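K.L.:
Let the sequences and hints guide you as you build the complete structure.
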Amino acid sequence: MMYNYKKSMLLLVGAVSSAGFISHANAASWRVLPAITVTETYTDNVDLDASISQSDFVTRVNPQVEITGIGSRLNASILYAPNYFFYPGDDDDKHDLRHMLNASLNSELISETFFIEAKANIAQRFLDRRAAISSEQSSRSNNRRTIQTYEFSPYLTHAFGTWATTELRYNLRHIRQAADAEQTTADTFFGNSLSHQGIFSVKSGARFSKLNWELLGEFRTEDRENAADFEISTGSADFSYQITRMLALLGSFGYEKREVGINS
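The numbering used here puts the first residue of the sequence shown at 1, with every later residue one more than the last.
FYI, nobody ran anything at the bench for these hints, they're computed from the structure. Source: prediction; values computed, not measured. Note that CB positions come from ideal geometry on N, CA and C, so glycine has one too. Do not rely on the hints blindly, as some may be mistaken.
Claimed, not checked - Cβ pair distances, simulated, as ranges: (1) Ile52 / His99: 26 to 32 Å; (2) Phe230 / Ser72: 38 to 44 Å; (3) Ile243 / Asn121: 41 to 47 Å.
P.N.:
Laid out in structure tokens, this is it:
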């Protein structure tokens, strides 16, 4: 049920994000920049294996496309760059394709009131930092996995004249890792997760020239595949009083409650 729930949430996010994207797409100025890079690399230890070193000439083909859109009520950026690697010295696994994506969207659906932010990231990460790692992308390793991160955040803002500004925000975050039961352990700190976060804040307005304050309340839950789920509730109040241009008094207090459950 959890995986179906995740898929439903992501479909909903995609539909709402697309609606906000399409509504302001025509008013934005768009730019598309394609590029391609081909490199040849020699390595004396292609598998990052300390016991048996294997050399190889690695061909890397890296096409990419960057799309940006800038408008009065829409800002969007997409960079997609797949990396294809060819290993001629290997008899079995000569080919490897790794994806890279960095995308962001910020759309103002209702002027100065309702906004939507969305982000997507696909990158390569090492599972266990205690194992062999390398900054050279042409190397191969069972310790490397594709990590996908998706975030969706609608929020409302309202100004009470010059007295205060409020913001109510919801944040949905989904992290997905390529499955491998043998490589994914409690020590790798990776695994699929789905988190919900609600934030409400009130900040002082321009009427307060010397005294500035902020009240913040937050509630967050996270469902994790390889660890216990948890909930966090926090509240805080921050104050500052400007005595002179060089001297200010600062004060803050807060509350936090954390509950950790056990996966069924």
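K.L.:
So, for every hint listed, does it hold in this structure?
P.N.:
Hints and how they fare:
no., hint, result
1, Ile52 / His99: 26 to 32 Å, "holds (29 Å)"
2, Phe230 / Ser72: 38 to 44 Å, "holds (40 Å)"
3, Ile243 / Asn121: 41 to 47 Å, "holds (44 Å)"
Checked against the numbered hints given earlier, this structure breaks none of them.
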